[in-house]
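Here's the letter readout for the chains.
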Amino acid sequence: MKSIEINKRILQSNTEFAQKNRNVLKERGIVTVNIFGSPGAGKTSILEKIIKSMKDKISIGVIEGDLYTTKDGERIESQGIPVVQINTCGACHLDAAMIEKSIQSIDIESLDLIFIENIGNLVCPASYDLGEDSRITVLSITEGNDKPLKYPFIFKQSEAVVLNKMDIINYTDFDINEFYEDIYSLNKDIKVFLVSARDGDGIDELCRYFTAKVNI
Amino acid sequence: MHEISIASEIYKIVEESIKDYKIKNVTLILIKVGNFNAVDEESLKFAFNVISKGSKSENAKIILEGVEGFELVVEKIEGDEDEEYRNK
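Each protein sequence line maps, in turn, to chains A and B. End of the first sequence sits at 269 in our numbering; the numbers just go up one at a time, nothing left out. End of the second sequence sits at 359 in our numbering; the numbers just go up one at a time, nothing left out.
Incorrect hints may appear among the rest.
[Said to hold, decoys possible] Quick list of in silico lysine to aspartate or glutamate cross-link-like pairs, DMTMM-like style, CA-CA up to 25 Å:
hint: 1; chain 1: A; residue 1: 61; chain 2: B; residue 2: 311
hint: 2; chain 1: A; residue 1: 61; chain 2: B; residue 2: 346
hint: 3; chain 1: A; residue 1: 203; chain 2: B; residue 2: 342
hint: 4; chain 1: A; residue 1: 61; chain 2: B; residue 2: 342
hint: 5; chain 1: B; residue 1: 347; chain 2: B; residue 2: 312
hint: 6; chain 1: A; residue 1: 209; chain 2: B; residue 2: 312
hint: 7; chain 1: A; residue 1: 266; chain 2: A; residue 2: 186
hint: 8; chain 1: A; residue 1: 105; chain 2: A; residue 2: 252
hint: 9; chain 1: A; residue 1: 55; chain 2: B; residue 2: 291
hint: 10; chain 1: B; residue 1: 293; chain 2: B; residue 2: 339
hint: 11; chain 1: A; residue 1: 110; chain 2: A; residue 2: 199
hint: 12; chain 1: B; residue 1: 283; chain 2: A; residue 2: 153
hint: 13; chain 1: A; residue 1: 55; chain 2: B; residue 2: 355
hint: 14; chain 1: B; residue 1: 303; chain 2: A; residue 2: 199
hint: 15; chain 1: A; residue 1: 61; chain 2: B; residue 2: 351
hint: 16; chain 1: A; residue 1: 203; chain 2: B; residue 2: 349
hint: 17; chain 1: A; residue 1: 244; chain 2: A; residue 2: 199
hint: 18; chain 1: A; residue 1: 244; chain 2: A; residue 2: 101
hint: 19; chain 1: B; residue 1: 324; chain 2: B; residue 2: 355
hint: 20; chain 1: A; residue 1: 55; chain 2: B; residue 2: 311
Since the hints were derived computationally from the structure, they do not count as laboratory data. Since the model is a prediction, treat every value here as computed from it, not as a measurement.
Can you make the complete structure from the sequences, with help from the hints?
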């Protein structure tokens, strides 16, 4: 019988790809944001609003992750900015190798900011570094205020949480005080943005946050 | 849900080690899993079982050691040496 110490990191190959991506993006001064959130939280809708309001001042590209279809990619493309659609055909997260391919397939030289819209999922994407500068999570009112405690890891790693669908909060049992209490207990430094992608509330503040990242 | 991709990475690492250390059959695989990875033990074992069918690690016992944080490491494997190879 032989006992062998291996000590190999399981996602090592992903980490290597992520590091390569990070270098490629850093060299060109591109800020990259990885966006998490459940299906239907409003990731794409928020992106549409942000892009509309920022695209004249900042050069933005988007990498769209979905299991199937190019629906989201088409929505973003209609804003006239570069977009790559990744279809994972069932896989629950994006990995760094997919991002490497994506950034090779668009002209990134002129870009200031890349948004990566991850697969709708509050669990798996958190384990895969893509080479991004920061991670944000979109949570929506209809999902309920208990989600941060139920899916703590994604919120622990997020620099900001965007609480979407604020326009309908009064029609739900969403307890915003409990939400604040829970989210800060997980991550005391997390920034919270209250928005409504539908009527545009809070979008300006979110744009200022992204603009500040690019201007640093 | 990402247990399948994690299991196949583990399988790859184990297969490499089988070659490097001339192992006949793997009896144990010890994995360190940080809780931030939200890995479900049963689905990971199930996924590994499926992936390793017919290989030298198909009967390996998988032990998960839970730790705080993001770590995800194949710490060690145990197995019997390939006698034939050694005698060559």
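Status of the hints after comparison with the structure:
| no. | hint | result |
| --- | --- | --- |
| 1 | 61(A) to 311(B) | holds, 20 Å |
| 2 | 61(A) to 346(B) | holds, 7 Å |
| 3 | 203(A) to 342(B) | holds, 21 Å |
| 4 | 61(A) to 342(B) | holds, 11 Å |
| 5 | 347(B) to 312(B) | holds, 17 Å |
| 6 | 209(A) to 312(B) | holds, 22 Å |
| 7 | 266(A) to 186(A) | holds, 10 Å |
| 8 | 105(A) to 252(A) | holds, 14 Å |
| 9 | 55(A) to 291(B) | holds, 13 Å |
| 10 | 293(B) to 339(B) | violated, 33 Å |
| 11 | 110(A) to 199(A) | violated, 37 Å |
| 12 | 283(B) to 153(A) | holds, 22 Å |
| 13 | 55(A) to 355(B) | holds, 15 Å |
| 14 | 303(B) to 199(A) | violated, 29 Å |
| 15 | 61(A) to 351(B) | holds, 20 Å |
| 16 | 203(A) to 349(B) | violated, 36 Å |
| 17 | 244(A) to 199(A) | holds, 18 Å |
| 18 | 244(A) to 101(A) | holds, 21 Å |
| 19 | 324(B) to 355(B) | holds, 23 Å |
| 20 | 55(A) to 311(B) | violated, 28 Å |
In summary, the numbered hints that this structure violates are 10, 11, 14, 16 and 20.
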